[in-house]
Amino acid sequence: MSVDIRLASSRPAGTDLYHGENPGNIVTPGDVITADSGFMRGHGTYMEDECLHASVAGTVERVNKLISVRPLKTRYNGEIGDVVIGRIRELAQKRWKVETHSRMDSVLMLSSVNLPGGELRRRSEEDEKMMRHYLKEGDLISAEVQNVMSDGCLSLHTRSLKYGKLGQGCLVCISPSLVLRRKTHFHNLPIGASIILGNNGFIWISPTVQDKSEESGGYETNLQPIPKLDREVIARLRNCVLALAECKMLLFDTCILYAYEASLKYAVKDLLKPEVAVEVVDLVRQRLELEGS
Amino acid sequence: MAGMELLSDQGFRMDGRKPNELRRIRFKKGVFRQADGSAYLEQGNTKVLAAVYGPHEIRGSRGKALHDKLLINCQYSMATFSTQDRKRRPRGDRKAQEMTSHLKQTFDAVVLTELYPKVQLDIFVEVLQSDGGNYCASVNAATLALMDAGIPMKDYVIACSGSHMRDTPIVDMNHLEESSGGAEVIMAILPRCDQIVFLEMNSRLHEDHLSGVMDHVMVGCKDIFNILNQQVQDELCQKTELDKIVTTG
Chain A
1 MSVDIRLASS RPAGTDLYHG ENPGNIVTPG DVITADSGFM RGHGTYMEDE CLHASVAGTV
61 ERVNKLISVR PLKTRYNGEI GDVVIGRIRE LAQKRWKVET HSRMDSVLML SSVNLPGGEL
121 RRRSEEDEKM MRHYLKEGDL ISAEVQNVMS DGCLSLHTRS LKYGKLGQGC LVCISPSLVL
181 RRKTHFHNLP IGASIILGNN GFIWISPTVQ DKSEESGGYE TNLQPIPKLD REVIARLRNC
241 VLALAECKML LFDTCILYAY EASLKYAVKD LLKPEVAVEV VDLVRQRLEL EGS
Chain B
1 MAGMELLSDQ GFRMDGRKPN ELRRIRFKKG VFRQADGSAY LEQGNTKVLA AVYGPHEIRG
61 SRGKALHDKL LINCQYSMAT FSTQDRKRRP RGDRKAQEMT SHLKQTFDAV VLTELYPKVQ
121 LDIFVEVLQS DGGNYCASVN AATLALMDAG IPMKDYVIAC SGSHMRDTPI VDMNHLEESS
181 GGAEVIMAIL PRCDQIVFLE MNSRLHEDHL SGVMDHVMVG CKDIFNILNQ QVQDELCQKT
241 ELDKIVTTG
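One line per chain: the protein sequences are A and B, in this order.
Residue numbering for the first sequence follows the UniProt record's numbering, beginning at 1 and increasing consecutively.
Residue numbering for the second sequence follows the UniProt record's numbering, beginning at 1 and increasing consecutively.
Incorrect hints may have been included.
[As the list claims (entries may be wrong)] Pairs of lysine-lysine residues, derived as DSBU-like cross-links and limited to a Cα-Cα distance of at most 30 Å, are as follows:
id	chain 1	residue 1	chain 2	residue 2
1	B	Lys222	A	Lys273
2	B	Lys64	B	Lys239
3	B	Lys69	A	Lys65
4	B	Lys104	B	Lys28
5	A	Lys65	A	Lys94
6	A	Lys97	B	Lys69
7	B	Lys222	B	Lys239
8	A	Lys248	A	Lys183
9	B	Lys47	A	Lys248
10	A	Lys136	B	Lys118
11	A	Lys248	B	Lys239
12	A	Lys97	B	Lys118
13	A	Lys97	A	Lys65
14	A	Lys269	B	Lys154
15	B	Lys87	B	Lys118
16	B	Lys64	A	Lys136
17	A	Lys269	B	Lys222
18	B	Lys104	A	Lys273
19	A	Lys248	B	Lys154
20	A	Lys248	A	Lys162
21	B	Lys154	B	Lys64
22	A	Lys94	B	Lys64
23	A	Lys94	B	Lys69
24	B	Lys28	A	Lys273
25	A	Lys165	A	Lys129
26	B	Lys18	A	Lys65
27	A	Lys248	B	Lys28
28	B	Lys239	A	Lys183
29	B	Lys47	A	Lys97
30	A	Lys65	B	Lys154
31	B	Lys154	B	Lys95
32	B	Lys28	B	Lys222
33	A	Lys183	A	Lys165
34	B	Lys28	B	Lys154
35	B	Lys118	A	Lys94
36	A	Lys265	B	Lys239
37	A	Lys97	A	Lys129
Keep in mind that the hints were calculated from the coordinates and are not lab data.
Keep in mind the model is a prediction, meaning the values are calculated, not measured.
Sequences are here, hints too, so could you generate the full structure?
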């Protein structure tokens, strides 16, 4: 067995694209953004002495009269309609508490899930007793944000067949700011795996399933062993996603696919080596630049 | 004894610094992957790790939650190997407890706590090597970790220590100077609005010297601020440069 050892100092540094000039929209906490009172203050800012100050380190974004500062890294701030992946933490009265990397546990109400059979009816006491039968602590789900409460707590729903309990697959957790907002976050990649890019930075990679059984409502997990070939694809995708996230690339389906293709000349486990990861990401970056221009 | 006086006739301190000279500062943000924000900071031979977790659901008893603002939970600890004599410090160390409450007060004042009601923020600080100015290094490291986590703050909080020797104020004391028995003034400020968040004095200092020492410590804090801010901005520029490729591409 060969062992790979390296010093921390010999790790490749990220490509240095910055050449010393400040683009002007970079602020750190306490910086004055503007002394003009004609602007509205958004997230990441506060008002003092009639000046608008930044409260986080990041880039200033301006939409008409609204000024906000977007930090590089935060917890997930939910928006209505976002696709999220979460883990059930706790069962409570008629609801599940779900961990979604938000600042509070999100809530999935019993009334906002599809029950097996797909029939629409009032939730009875029987259903309440059966809650743990559908989803229990530790289960992973995909869901959509239905509402954001005033204190920042998210309320989720799974009232569509594409949402629901997740079966076999691989979860990757990255920073929520690295997931690019797109029209769709569910992708069936042509390489035999599906990927769900949760807006909350949780990414689910699973083998593509052909027929989704509708009568069980998606609460039955298919526990059939997955062929080794599919598992390798999933592992490769996972390592690609981690490599892209490590180099702070925004994630969307094309760039993941490009990374997968660029990585094919390496063994799956070699992708974990920093220099290989950097090289794969560089190839992806070049290809994106080429197509962008 | 030659070479062992706190301030030589030529105006140099024991480690060769001038009275108002700082020790070398180096830091790195984002050293942990698990934590929401983290930072490693060296001020001379004082080395500190800070990690921030949260804001997240209240852990432990729900009763601790504050209905209108964020609950800040600090923990300061020193590694067994951080001082000259190896010493096991269980969690209840009195010095660590005091430091913990000082840190909590400091960050309660500067984090915009009213934005996050009913949740909790954990700040963990661990001193890896102690060579004087532990509080200062802890505050500076925790500030960077909070910034890394994207927690809204009014300003940077920067701390620095100082004293008075042979009629000259000195700043950023090391362990030898701290343990020489002279007075020590520790100050944490918001550098851009010139506000003092925390002020502590050990031992006795003549009233007439106090304002002079405080002025010099204030300048020291601002020097530290400039060093930190420059590097933070450079790192931000690099990251935004990367983003452009995807958004334009």
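(request) Quick one: which hint numbers does this structure break? Sort them smallest to largest. (result) Violated hints (numbers, rising): 1, 2, 5, 13, 14, 15, 17, 18, 26, 29; every other hint is consistent with the structure.
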